[in-house]
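Chains as they are written, first to last, in the numbering used here: chain A, 1 to 316; chain B, 1001 to 1441.
Everything labelled a hint here was simulated from the structure, so no lab data went into it.
These numbers come from a predicted model, not from an experiment.
Fair warning: there could be bad hints in the mix.
Below, simulated DMTMM-like cross-link-like pairs (lysine to aspartate or glutamate); rule was C-alpha separation at most 25 angstroms, straight line [claimed, not checked]:
id	chain 1	residue 1	chain 2	residue 2
1	A	K110	B	D1280
2	A	K123	B	D1280
3	A	K204	B	E1293
4	B	K1324	A	E54
5	A	K110	B	E1323
6	A	K123	B	E1323
7	A	K110	B	E1325
8	A	K101	B	E1325
9	B	K1024	B	D1391
10	B	K1324	A	D92
11	A	K210	A	D103
12	A	K6	B	E1325
13	A	K123	B	E1325
14	A	K215	A	E184
15	A	K6	B	D1280
16	B	K1418	B	E1401
17	A	K6	A	E17
18	B	K1324	A	D24
19	A	K110	A	D92
20	B	K1324	A	E88
21	A	K4	B	E1325
22	A	K123	B	D1391
23	A	K4	A	E88
24	A	K157	A	E54
25	A	K180	B	D1280
26	A	K110	B	D1391
Quick list of simulated restraints, FRET-style, between CB atoms [said to hold, decoys possible]:
id	chain 1	residue 1	chain 2	residue 2	range
27	A	R120	B	E1229	45 to 51 angstroms
28	B	A1257	A	A16	52 to 58 angstroms
29	A	A196	B	P1332	51 to 57 angstroms
30	A	V121	B	E1147	32 to 38 angstroms
31	A	T247	B	Y1205	31 to 37 angstroms
Every residue gets a Cβ at the ideal spot worked out from N, C-alpha and C, and that includes glycine.
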Amino acid sequence: MSLKRKDVLGLEDMAAEEILLVLDIASQFRAVFDRPVRSVPIMRGRTVVNFFHESSTRTRISFELAEKRLSADIVNFSVATSSFTKGETLRDTAENLQAMKIDMLVVRHKSSGSAQYLARVLKCPVINAGDGCHEHPTQGLLDIMTMRQRLGDLRGKRVTIIGDIAHSRVARSNIWGLGKLGAEVTVCGPPTMVPANVARLGVKVEYDLKRAVAKADVLNILRIQLERGAGSGFPGNREYHRMYGVTEDVVRTLKPEAFIMHPGPMNRNVEIASEVADGPRQVILDQVANGVAVRMALIYLLSGGDPGALAPGEAA
Amino acid sequence: MEWSWQRIPGEYLVTGVRLIGGGKVSARPGFLHVKKGRLEAIGEGRPTLAGLPELAADGLFCAPGFVDTHVHFREPGQEEKETVATGSRAAAAGGFTAVVTMPNTDPAIDNAGMVRYVSDRGREAGLCRVLPAGAISVGRQGETMAELGAMVEAGAVAFTDDGSPVQNGRLMASALQYARLLGVPIMSHAEDLTIVAGGCMHGGYWSMRLGLSAMPRAGEDAAVFRDIELARATGGHLHVAHVSTRGAVEIIRRAKADGVRVTAEATPHHFSLDHGRCRDYSPLFKMNPPLRESEDVAAVADGLADGTLDCIATDHAPHTDTEKELQFDQAPFGVIGLETAFAAGVTYLVRGGKLDLGRLVQCLTERPAAVLGLPLGKLEEGGDADFVLLDPEREWVVTRETLRSRSRNSSFLGETLKGRVLATFLRGRLTWHADDPSVVR
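All chains should be built: construct the whole structure from the sequences, respecting the hints.
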C-alpha cells in the first residue's frame, strides 16, 4: 500500500490505514536520527517550498529539518519577506510558484481553508502546516505517533484535550485522527472555548478539569493564545491557571501511567505548571523528535515514495 | 413565443398569456394592449382589435415588472464591480423594472446632488427605474443625520446606512421619527456589531468545524428587536432588510400582530441555501447576513408565505473575481442575485411547496411596491407597460456566460434552476430577451 493522494490538508479526510502507514514510515525514519549521518538521499534534486504566511518557529524548523534529512532543495519564504505585503493574492503567488516548477509546497496560513485552496490551484503536492483555526495535520500525526509509542493500539484509549478547542487547529486534527483510530476523546475548557457543538465531532465535552482527566491515559494540553485579548473567552491567565491549568495537584489525580503532551510553545504557569512541564510525566521532547519523522514520512510518501522500497538498511 | 420584430412597435398586442396579479394566476389566457408605453387594455380571452402587430406568447405567463428594494450598483466609486448601467442590464435580465440602489457607494449617497447623480445614470441606461436610497447619516458614519428632506425632494425613496448597521440607537430613533414627515421607510441592516465582532460566517456547526469566525444569530435578532421597539415608540416605518434568522422572523411576526409599522424583505439565498454550502471555503457563499441553518431557511420561506416577510429583495452585491478569490475570511461579503431571483423562487419556494406562482410573483411585484408606497408592481389600464413574460417550467444552468452583471459572484453558479424570465418590457419597450440577447444592446 502507498499513499494514494496528492495532498495532506487535514486528518478529517484521511483514512485510518493512511494514518497508520504514515506513522509506520515515520518510525522507520525516526531510527535514522540515531545514526552519525542523519540524512538519506531520497529527495535529491527536488525542490520543496516552505511558504509561511504566519509566524512559526517550531513547525518551520521541523519541516526544514525533515526536508534536509531527505536531501531536498529548500526554498523558504515568509510573509515578512514576500510580496504579500504588497497585496498580492494567494492565487497569484501560487501560480508564480507553479511556473517556477516546484515539487512540493508546505504552507502555513492564518486563513482557514487556504491549504485546500492552494491544493486546488497547484499541480504539486501540498502539505498543510496549519491553516487558521482549521487543521494542523502534521501536529495531529506527531501527537498520535507519540501516543502510540506508549499506548500501542489506541482503540479504547482515553485522550483528554484541554484548552481553546474552538480556535485550535491542533485540537481539530487530534480529534479527527484519534477518532479514526478508535480512541475516546474528551475535550475540556471553559464553555467560551469549548462550545457544546464540538460534541458533534464525536467527542465528549467536559467542563470540569478533574472529571475530564480522571480516567485519561494521556492529556494533550493546548497552548492558550494570550494575544486573543477581549475575544479570548477567559478573564485572564491567573484565573485560567486556577481553573484549567494542569498543576501537580491535577497530576496527582491521574492514573499512574498517564502522561502529558503539549504542542508548544508552552505558557508556563498558565495552561501547564512549570513543575509539570519539567516533570516525569511529560513527553514533550518526544513529540518534537517525532514531528521531524512524521514530516519526513509525509514528504517521502507524497513525492511518490514506495513504502516497500524503504529498506531497513536505507532508513536504519 | 413568436418573434419577428426587429424593433418594438409603438402599439402592439401580447396575446395568449396567463396573467398574474393580485396573488393569482388567470385560469384562461389573456392579452395586453400596449400603446405608447402604457397599457391601453388588459383582459382575458382575445382582444377585439385587429390589425395591430401581435406577439403571440401562447403558454407563457405575464406578470408586472419586478421591483427590488435592495441592490448595490456600486456607482460612484467601485465601477470595477458594477455600474448603474451594467446593474440595470442585470436587473432587466432578471425581470426587474424598478430597483432601489443602496447608498454605500464612494462617496456615499448622503445628499440631494448624489441622489440626482444616481437617478440620472439610471435614466441614461434606460433599462429599469433606478430609485436611489439615501444614507441615514452623513457619510454613513452613524453620527449625524443626513438631509433626508432634500434627498426625498431629489427622488430618494428610502433611507438606510446598509452595510454599516446604525449602532447608535438614538440616531435610529430620530431617523424613524423624522422620516414620518417624508413618508418613506427607514431600512435597517440589522446587526449588532458588538455581538458579531469580526465574524465571517454563521455561528454554528460549520463555523466550528471549518475553523471560521462566527456571526451568531443573536447579532441579528437583537438588532431587529431594538429597531422594532424604536419603530413602536416613534410610529416610524421600519423596513428590515435581508432577514435571515428564525428569531428575527418571529420577532417581526409578533410586531406586526401588535400593529407596529414594520415591513421586511428576504433574499433568494436566504430562502434557498444553508451554511453547509461554506464547506469548501468558497467565498461565493459568503455574505452578510450569512447563510444560516436549515431551520432558518425554512422560517424565512414560511415568513414569505404567511406575509410576515413582505417581499423578496436580492441584495445584489457585485464583487470582482479577484476579491472573491481571496481566502474566505478575507473576501468581501455579498453575492449577486438579480438574474437568479425568479428562478430561485420557482426552484426553492414554488417547487418546495411554500408558495404558488401567484404568491411568488406578488413577493416580487405588488408587495415590494407597497413597502415603498409607489405605484409600481401592477398591471393596470392606463398605467405604464412594465411587464415580464415568464416560463416557470424552463430549466437553465447558471453559468458565468448567462450572467449580464459586470460581476459573476453568484451562489447559484453551476446550479440548474427552474423558471426563466423570457422577456422584460419597460414602458412598453423591450429590455431583455432570454433567447435573443442581441435584441437588447
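*Compare the distance between the alpha carbons of K180/A and D1280/B with 25 angstroms, and conclude whether the hinted pair is satisfied.*
holds, 22 angstroms
*Quickly compare the C-alpha distance for K1418/B and E1401/B to 25 angstroms and report which way the hint goes.*
holds, 17 angstroms
*Look at the Cβ atoms of V121/A and E1147/B and judge whether their distance stays inside 32 to 38 angstroms.*
At 49 angstroms between Cβs, range violated.
*Would the pair K204/A and E1293/B pass a check requiring their Cα atoms to be no farther apart than 25 angstroms?*
Holds - the C-alpha atoms of E1293/B and K204/A are around 23 angstroms apart, at most 25 angstroms.
*Is K123/A within 25 angstroms of D1280/B, Cα to Cα?*
holds, 18 angstroms
*Holds or violated: K123/A to D1391/B, with C-alpha atoms at most 25 angstroms apart*: Roughly 43 angstroms between the alpha carbons, so the hint for K123/A and D1391/B is violated.
*Is the hinted range of 45 to 51 angstroms satisfied by the C-beta distance from R120/A to E1229/B?*
holds, 47 angstroms
*asked:* Holds or violated: K6/A and D1280/B, Cα atoms, limit 25 angstroms.
replied: The hint holds at about 17 angstroms.
*Is K1324/B close enough to D92/A, meaning Cα to Cα at most 25 angstroms?*
Roughly 13 angstroms separates the two Cα atoms, so the pair holds.
*Does K215/A pair with E184/A here, judged by a C-alpha cut-off of 25 angstroms?*
holds, 11 angstroms
_Check the hint pairing K123/A with E1323/B against an upper bound of 25 angstroms on the C-alpha distance._
holds, 23 angstroms
*When you check the alpha-carbon spacing of K1324/B and E54/A, does it fall within 25 angstroms?*
Roughly 22 angstroms between the alpha carbons, so the hint for K1324/B and E54/A holds.
Hint check: violations occur at hints 11, 18, 21, 22, 23, 24, 26, 29, 30; the rest are consistent with the structure.
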